[in-house]
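Enquirer: Taken in sequence, the protein lines are chains L and C. According to my numbering, the first sequence holds residues 1 to 113 in order. According to my numbering, the second sequence holds residues 114 to 226 in order.
Keep in mind that a hint or two might mislead.
Only pairs whose alpha carbons sit at most 35 Å apart, straight line, appear in this in silico DSBU-like list of lysine-lysine [said to hold, decoys possible]:
(1) Lys182(C) / Lys162(C)
(2) Lys181(C) / Lys9(L)
(3) Lys213(C) / Lys14(L)
(4) Lys9(L) / Lys162(C)
Keep in mind the hints are simulated off the structure, nothing from the lab. Note that this is a predicted model, so its numbers are computed, not measured.
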Amino acid sequence: NAGVTQTPKFQVLKTGQSMTLQCAQDMNHEYMSWYRQDPGMGLRLIHYSVGAGITDQGEVPNGYNVSRSTTEDFPLRLLSAAPSQTSVYFCASSLDRGHSPLHFGNGTRLTVT
Amino acid sequence: AQSVTQLGSHVSVSEGALVLLRCNYSSSVPPYLFWYVQYPNQGLQLLLKYTTGATLVKGINGFEAEFKKSETSFHLTKPSAHMSDAAEYFCAVRGFGNEKLTFGTGTRLTIIP
Numbered sequence: 001n002a003g004v005t006q007t008p009k010f011q012v013l014k015t016g017q018s019m020t021l022q023c024a025q026d027m028n029h030e031y032m033s034w035y036r037q038d039p040g041m042g043l044r045l046i047h048y049s050v051g052a053g054i055t056d057q058g059e060v061p062n063g064y065n066v067s068r069s070t071t072e073d074f075p076l077r078l079l080s081a082a083p084s085q086t087s088v089y090f091c092a093s094s095l096d097r098g099h100s101p102l103h104f105g106n107g108t109r110l111t112v113t
Numbered sequence: 114a115q116s117v118t119q120l121g122s123h124v125s126v127s128e129g130a131l132v133l134l135r136c137n138y139s140s141s142v143p144p145y146l147f148w149y150v151q152y153p154n155q156g157l158q159l160l161l162k163y164t165t166g167a168t169l170v171k172g173i174n175g176f177e178a179e180f181k182k183s184e185t186s187f188h189l190t191k192p193s194a195h196m197s198d199a200a201e202y203f204c205a206v207r208g209f210g211n212e213k214l215t216f217g218t219g220t221r222l223t224i225i226p
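Produce the complete structure using the sequences and hints provided.
Expert: Structural data, given as structure tokens:
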């Protein structure tokens, strides 16, 4: 099992560019989510999905879009990158939305100049 | 609403000494509580979780945590620190029926030889 796979590992963007961070899981997990990690702020939830075709906003959704067309994939789109979006992004999945733990990818380090 | 407070963004202990990382939570419904560990340049890994039942929870690598409802706490302990324990530790809460997992801001543990 590969678990949760994120690509790319590193990315540098210029202000105003758009891009998609990819996330795939092979565990047939129902729940998937995107977090951003910034120093001193822990992990903050951007968007999440409780199943294919269903997505919802977390606490910091502005500037990001998601879709969930399949159970396996949950891409995160930056529409027009801003320096404030410089961060480390983690995708995570869990079997359900209850007490099942999250399984994390290894992260994407994004720098916006 | 739910939230997590981790007291102490940095904790240093000597090798062989007790490790105590503090976590207090707020939840309007019964909580599921988690501790995760993050090693440099990696994603988060589950250390242990509390769902229901026994309030003392044992995890991997000799860590354990005790759920104290009256104190709304879920502190992480290890009797004897090892150099390999140096990492960042995150406490997280998900209220029963809540789809979102909320993280604390993290505690960086340093082990002094």
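Enquirer: Against this structure, judge whether each hint is valid.
Expert: Cross-check of the supplied hints:
Of the pairs offered as hints, the one joining Lys182(C) and Lys162(C) holds, with about 15 Å between alpha carbons and a cut-off of 35 Å not exceeded. Taken as a hint, the Lys181(C) and Lys9(L) pair is broken in the structure, with Cα atoms around 39 Å apart against an allowance of 35 Å. Pair hint Lys213(C) plus Lys14(L) holds up; C-alpha atoms about 31 Å apart against a cutoff of 35 Å. Simply put, Lys9(L) and Lys162(C) have alpha-carbon atoms about 28 Å apart, close enough for the 35 Å limit, and the pair holds.
The structure shown violates just one earlier hint, number 2.
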